[in-house]
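J.: Sequence:
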Amino acid sequence: MNLKYSCTGHGLYQSPEIPVVFVVDGDESMRTALERLIRSAGWAPRTAASAEEFLAQERVTTSSCLLVELDLPGSSGLDLQKVVADRTDMPIIFMSSRADIQATVRAMKGGAFEFLTKPVLPEVLLDAIRGALECSQAALRQLIRINALQERYESLSRREREVMSLLVRGRLNKQVGGELGISEITVKAHRGRMMRKMRASSFAELVTMAGSLHAGARASLSDIAVAMPS
Numbered sequence: 288m289n290l291k292y293s294c295t296g297h298g299l300y301q302s303p304e305i306p307v308v309f310v311v312d313g314d315e316s317m318r319t320a321l322e323r324l325i326r327s328a329g330w331a332p333r334t335a336a337s338a339e340e341f342l343a344q345e346r347v348t349t350s351s352c353l354l355v356e357l358d359l360p361g362s363s364g365l366d367l368q369k370v371v372a373d374r375t376d377m378p379i380i381f382m383s384s385r386a387d388i389q390a391t392v393r394a395m396k397g398g399a400f401e402f403l404t405k406p407v408l409p410e411v412l413l414d415a416i417r418g419a420l421e422c423s424q425a426a427l428r429q430l431i432r433i434n435a436l437q438e439r440y441e442s443l444s445r446r447e448r449e450v451m452s453l454l455v456r457g458r459l460n461k462q463v464g465g466e467l468g469i470s471e472i473t474v475k476a477h478r479g480r481m482m483r484k485m486r487a488s489s490f491a492e493l494v495t496m497a498g499s500l501h502a503g504a505r506a507s508l509s510d511i512a513v514a515m516p517s
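First residue of the sequence shown: 288, per our numbering; consecutive thereafter.
Derived by calculation from the structure, the hints in this document are not laboratory data.
Some hints here could point you the wrong way.
Unchecked claim - Here are the simulated lysine to any residue pairs, SDA-like style, with alpha carbons at most 20 angstroms apart:
(1) K484 - G498
(2) K475 - A502
(3) K405 - G313
(4) K405 - T391
(5) K484 - A435
Claimed, not checked - Ranges of calculated distance between the beta carbons of each label pair, as one might list FRET restraints:
(6) K369 - F490: 26 to 32 angstroms
(7) K484 - V370: 32 to 38 angstroms
(8) R486 - L413: 39 to 45 angstroms
Glycine included, C-beta positions come from ideal geometry on N, C-alpha and C.
Make a model of the complete structure from these sequences and hints.
T.: Written out as structure tokens, the structure reads:
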């Protein structure tokens, strides 16, 4: 069965800072029990009976994790994992009442945070959720940093982007001028403005910024080709 993620409303929305724990399980009694446990730990539970029902929910911008049953009505937990693979800020914890080595391996290779066998002791489950939420917080901090760098990069003129791209690839000012057909003095002027807009205090910091942008590149950054040292 094919799944497709879609946000209700207009996409991401700002949610309270309370971490959210999504629960996807076809067993209503299990959802109710997990909801109570999660709420007792101070987190905000959001439940769904299927992958399709979960995907219809709005995304959150606070830290979160996904607690999902391997066997679901309709699309499986592994199917859901593939659909939300880009949501690195939402670690996935799998649950299953059967010891399926193949499924476990697939889940972990797909980036699952944990795979738990039912029945799960409350303290074990809470520890897993706590760890997943800590990873989510770290991922969100990184996303915020990348978004800030992206905004700075987008403030650059086309020529400043060209200068930046060549500089971080190891070109000297004179070489940059030769490739772009401009004088070395003009290159220095573009370089100065570019450094200020990127808020880079040193060239080394600029290279690090470019590496971060390259790692989390969007389509608009496809013109950056950064040669990072191995």
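J.: With reference to the structure, classify each hint as holding or not holding.
T.: Each hint, compared with the structure:
no.	hint	result
1	K484 - G498	holds, 17 angstroms
2	K475 - A502	violated, 27 angstroms
3	K405 - G313	holds, 14 angstroms
4	K405 - T391	holds, 13 angstroms
5	K484 - A435	holds, 12 angstroms
6	K369 - F490: 26 to 32 angstroms	violated, 41 angstroms
7	K484 - V370: 32 to 38 angstroms	holds, 37 angstroms
8	R486 - L413: 39 to 45 angstroms	holds, 41 angstroms
Consistency note: the structure conflicts with the earlier hints numbered 2, 6.
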